[in-house]
Amino acid sequence: MLIFTIAARELKSLFLSPLAWTILAVVQIIIAYMFLIQLDTFVQLQPQLAAREGAPGLTDIVVAPLFGNVAIVLLLVAPMLTMRLISEERRAQSLTLLFSAPLSMTEIILGKYLGVLAFFFIMLALIALMPLTLLLGGGTLDAGKFGAGLMGLALMIASFAALGLFMSALTSYPGVAAVSTFGVLLLLWIIDWAGDKGTEASGLFAYLSLVRHYESMLKGVFNSADVVYYLLFIVTFLVLAIRRLDADRLQH
Amino acid sequence: MSDAALIRVEHVSRYYGALCALRDVSFEVRRGEVLGFLGPNGAGKSTTMQIISGNLAPTRGRVWINGIDILDEPKRAKTHIGFLPEQPPLYRELTVDEYLRYCARLHRIPRARENSALDIARQRCGLTGVGSRLIGNLSKGYRQRVGIAQAIVHMPAVVILDEPTAGLDPIQIHEMRALIRELAAEHSVILSTHILPEVQAICDQVQIIHRGELVLKDSIEGLTRRMQGASLRVGLRYPPALSALEAIAGVHGVEVLEDGAFRLYCTGPEMADTVVRHAAEQGWGLYELSPERLSLEQIFMELTRSEPVAA
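Protein chains in written order, with the numbering used here: chain A, 1 to 252; chain B, 1001 to 1311.
Chain B extracted, bound-state conformation (with noise of 0.2 Å):
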């Protein structure tokens, strides 16, 4: 069971009249693992959240939580699921502890686990002090807690996070990821941010979400392959003819800067070696060489830049 996928979404649509929010978009998220869905503002994200916590019908497709079909049995599958939306579903004239209470009671955590429950969740979103004020007079970063609180509070197998760290201060933030981080012990998370850096910092995998269509699912490690070694910076005192670096097994393209220097595009970073031998037995004078990152940013960019394929 512990590496079962807690949530499977398979070939989910969803159109709002004739616009496409989403076009078949499949994926899977087992325990214990913190998916980061990235992409721009009105890309689908808000919209596969809803989804997947049974607020909005997809018109086609299915998703399971735990093995439970959210459309069949919605009910029942909701018992697994936290959600937090982008804007966290507050009644203001209530305290937090009231609040959290009501939470506690429409998720049927049994009254002798009540205050244990409540004490939890109030500890872990940092709460601990403001149990008795009403939600209202709250700053926008504690109404944030509370609504993680909501969450976590029926210890759900699966937490689904609509950009959490939207509106919140950098410490603030920092303190969001550190939790989100520690949720991912136990629970599985998505989350969904257009911040990129936040998914490098607290995710296990990443989707790239682009007008509706999944445009990349990967896992952080691969992601960071990709970013690395996509191209050497070299710089050369003697340097060869252009055709000479050209020649270099594994390079597919140059690129002259200023200065002597050269970008070449090649496949790893294991590629550093062979110039390095390259330079040394022609004397080129090597004086520089450093791996070029592609940054999120940029990868980013290039896959939501292009133009989807024609609808």
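Chain A extracted, bound-state conformation (with noise of 0.2 Å):
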């Protein structure tokens, strides 16, 4: 399959550049605090917690709101990693090869959207893998709390990526493909504020926003709703992206 040919070279050259290593460690040491102060959090709260029926557990105070940041770490995070996909070969004028090899559009984005997505869902591995460590401890996580809130994120980045590959296909500069897919991210991070309205706009607003289709997630409520939204959203930008590296051979 060459999608994953395509993907395999993507992810390759992601770790043969010092900044995907870079982004790794210094995501990977901040989350390493928050998940410190939420444990701190916990510890504290124990003894009133121990005293009561039907308290939140490790899951609720550790994992929820941990996972809480993650989303907003990798908000800050995904641009720098999606942003040269296309727009650093259409540069170097290296996408020539690509384009002049027997591959369709689909197959070029799709290697490129599967390679960065294997370099996401491994920072999340190794994200998980702090929470899970409590077990070692004796300590109990919330199966399915947990399993929904690391699928609400797996979903969250990949809806990231997608979104960051389509504005690097817009471009030929790095940096502006980064720009854009914060902006964008960000205005549909807090485009809910305006959703408190209680008017018929605000509803769609509500919609709109990717943290409301997290949130519930987050709190463990599997809505299939919310996986529609984010594979709407995922599906509408890779295919924005074929339609930008398409109209690459009909340029000016």
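It is possible that part of the hints are untrue.
With the C-beta cut set under 7 Å, the calculated list includes, among others, these residues of chain A facing chain B [claimed, not checked]:
| # | residue |
| --- | --- |
| 1 | 9 |
| 2 | 93 |
| 3 | 99 |
| 4 | 101 |
| 5 | 102 |
| 6 | 106 |
Hints were generated in silico from the structure; no laboratory data involved. What you are looking at is a predicted structure, and each value in this text was computed from that prediction instead of being measured. Glycine included, each C-beta is placed from N, C-alpha and C at the ideal position.
Could you use the hints to bring the two separately framed chains together as a complex?
Structure representation (structure tokens):
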């Protein structure tokens, strides 16, 4: 499968660049710090929690807030990883290699997407290991809530990657791609601030918001409407990226 | 199949906005032919190459590669093409082997044949010793070779090279030309250049493109004929009147040079006989007779200097 050939090269090139390693390290350090703070909060609250019936557990106090923060950290770093996907190749004129090979634009885009997605999932796996270490110390995690949260995070980062890929396909300047990706992601993140007014339009804004759908998953609510939202988001931007790449042949 | 056209370009035009980069270009390349594409900078060479290789869609016209329409079935047509653009499409962070392996996979070479395909490509392009070096650390000449290796690793029927010798030193240029001649044994090659002797050295067919239009389409033999016998330089000790020279059948122009020499513009090299006979019969004291050759440069200048027809 040529999609996987392209994806493998993409992943390999990411790991050959210092940027990817730096981002992995920085993200890991920041999230480890956040994790420790949440853990500390839990330890302080533990005497009170033990006295109550049906008190929130480790998953509610440590994992859910942690995953909520992880999403924000990923919002910051995702544009830096996706910005080079196509713009850099366009700049170095190596895109010609893919255009001259017997490949469809769909294969090129999907290959690039899977490549960067694999990187994000590696990052996610490293992050997920932190709460999982609690099991070693005899703690108990709510598997359902943990799983829903992790899945929400995976869908969220997959959406970031799709948008970033599209933005990268629009330009030959990685910096422009990064800024635009960040801008659009942030806008979609805060768009539901207008959604608290209770009007009809506010419902739409709330639906468009990236966070709303994530929050319910963090609570352990697995709603297929949320999953569909992310899948639609991903498919939309991948199709747009394919269309954009196709337009390269018709340029000017 | 052997003399069927591998590349057929019909009435291709390409506009960039209002700018016409290519106007109604048609030509064919047969198996085993090397076609040289000549033209000054900005004449439309690269645009043509990008269109043939499927990197750019023509505004009008059609392109067939090995009988497959590249616009209708790009994936099938592209399996028959190897393309080296002006800027070799390399990944600097990969080694030569990794890169070529990637290219081989993109072109769907079965895993079992991958190693042998790589060996052949490396060997032909003189890359045997540098397989494990990073492309980013290679010199310009070697990068160009990697670019060519990339274009031939899948043994395509058609190899398209856009300025393959640009930026190489004279020894490398020589090697590159030998390589291109070697490629022509199995592939059809189109190459663009603005170096004229290169065309004479390696091409079978020549096309000169200027401001988006083909101004000359000829074989190398035709071009050589065109270059020869355009004029004779004649030295006479006892020169007759100018009118006597002009009266020789086949001479359509005389130019007086210094020291009793003349330049006779006539139709072909066989005119030398006639001139000698006239000189001997009439005692002109012929001491010098040499056919003058138009250089390719002169033809080129002549063709490209003329103003194009107003659009």
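Handout entry: Violated hints, by number in ascending order, as checked against the structure
Key = 6
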